[in-house]
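Model the full assembly from the supplied sequences, consistent with the hints where possible.
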Amino acid sequence: QQQVKQSPQSLIVQKGGISIINCAYENTAFDYFPWYQQFPGKGPALLIAIRPDVSEKKEGRFTISFNKSAKQFSLHIMDSQPGDSATYFCAASWMDSNYQLIWGAGTKLIIKP
Amino acid sequence: GAGVSQSPRYKVAKRGQDVALRCDPISGHVSLFWYQQALGQGPEFLTYFQNEAQLDKSGLPSDRFFAERPEGSVSTLKIQRTQQEDSAVYLCASSLVVTSGRANEQFFGPGTRLTVL
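Those sequence lines, one after another, are chains A and B. Each residue of the first sequence is one higher than the one before, starting from 2 at the first, in the working numbering. Each residue of the second sequence is one higher than the one before, starting from 3 at the first, in the working numbering.
Watch out, some of these pointers could steer you wrong.
Claimed, not checked - Cut-off 27 Å, straight-line C-alpha distance, at most; resulting in silico cross-link-like pairs (DSSO-like, lysine-lysine):
id : chain 1 : residue 1 : chain 2 : residue 2
1  : A       : 6         : B       : 59
2  : B       : 13        : A       : 109
3  : A       : 43        : B       : 59
4  : A       : 109       : A       : 16
5  : A       : 43        : B       : 16
6  : A       : 6         : A       : 113
7  : A       : 72        : A       : 109
Bear in mind the hints are in silico, worked out from the structure with no lab data behind them. The model shown is predicted, which means the values in this text are computed figures rather than measured ones.
What follows is the structure, given as structure tokens:
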């Protein structure tokens, strides 16, 4: 019930294309859904986050779509660039857990020039 | 200002040795989290501090793992009698406060890669 399931495991997208990564969860108590970007040898860095009272959030080329009834959320990267090549993690957390993050397994994204 | 720093960046230990991993959070950050990240996996929660109080240690995998933050700033994760299954990257994160808004953003250090031979 605490799991966050992420797909795909890996993704190759042409430069300028749209990258889409999906996540699903079970625990309806989750109230905070961040996406993190991690480069090799570095710690994860927050990319964008959403709360369940909003169905979509956009920051620059990055958009989160959130479907509360389906318990799914996704990250869209528009106009993907080679510099976006990294591993992306979705996560979820909730107040009663002091907002410890429950993480997906990660998606390795490669943007081909 | 400086971000979260961790030391050492790499640690090789022989099975059975004790290790201590240090985390320096961002100054003024109340909350501090430790996560364990196995190769090719997402991080997994280990423990949480609010100032010097360890409020949640439910993720610590065994009683060989111990964490402290005695003055509410620097934290140390100690692993006694290391085993091969302890090999992983140990990540530390800090945040200003615990809320559901942007202030909840957890800032991560680069991690300590522990290899147990």
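Outcome of the hint check:
1. 6(A) / 59(B): holds (24 Å)
2. 13(B) / 109(A): Satisfied, since the Cα-Cα distance of roughly 26 Å is no more than 27 Å.
3. 43(A) / 59(B): Answer holds: residue 43(A) to residue 59(B) is near 25 Å, not above 27 Å.
4. 109(A) / 16(A): This hinted pair holds, its Cα atoms lying about 15 Å apart.
5. 43(A) / 16(B): It holds: about 25 Å lies between the C-alpha atoms, which stays within 27 Å.
6. 6(A) / 113(A): holds (26 Å)
7. 72(A) / 109(A): holds (23 Å)
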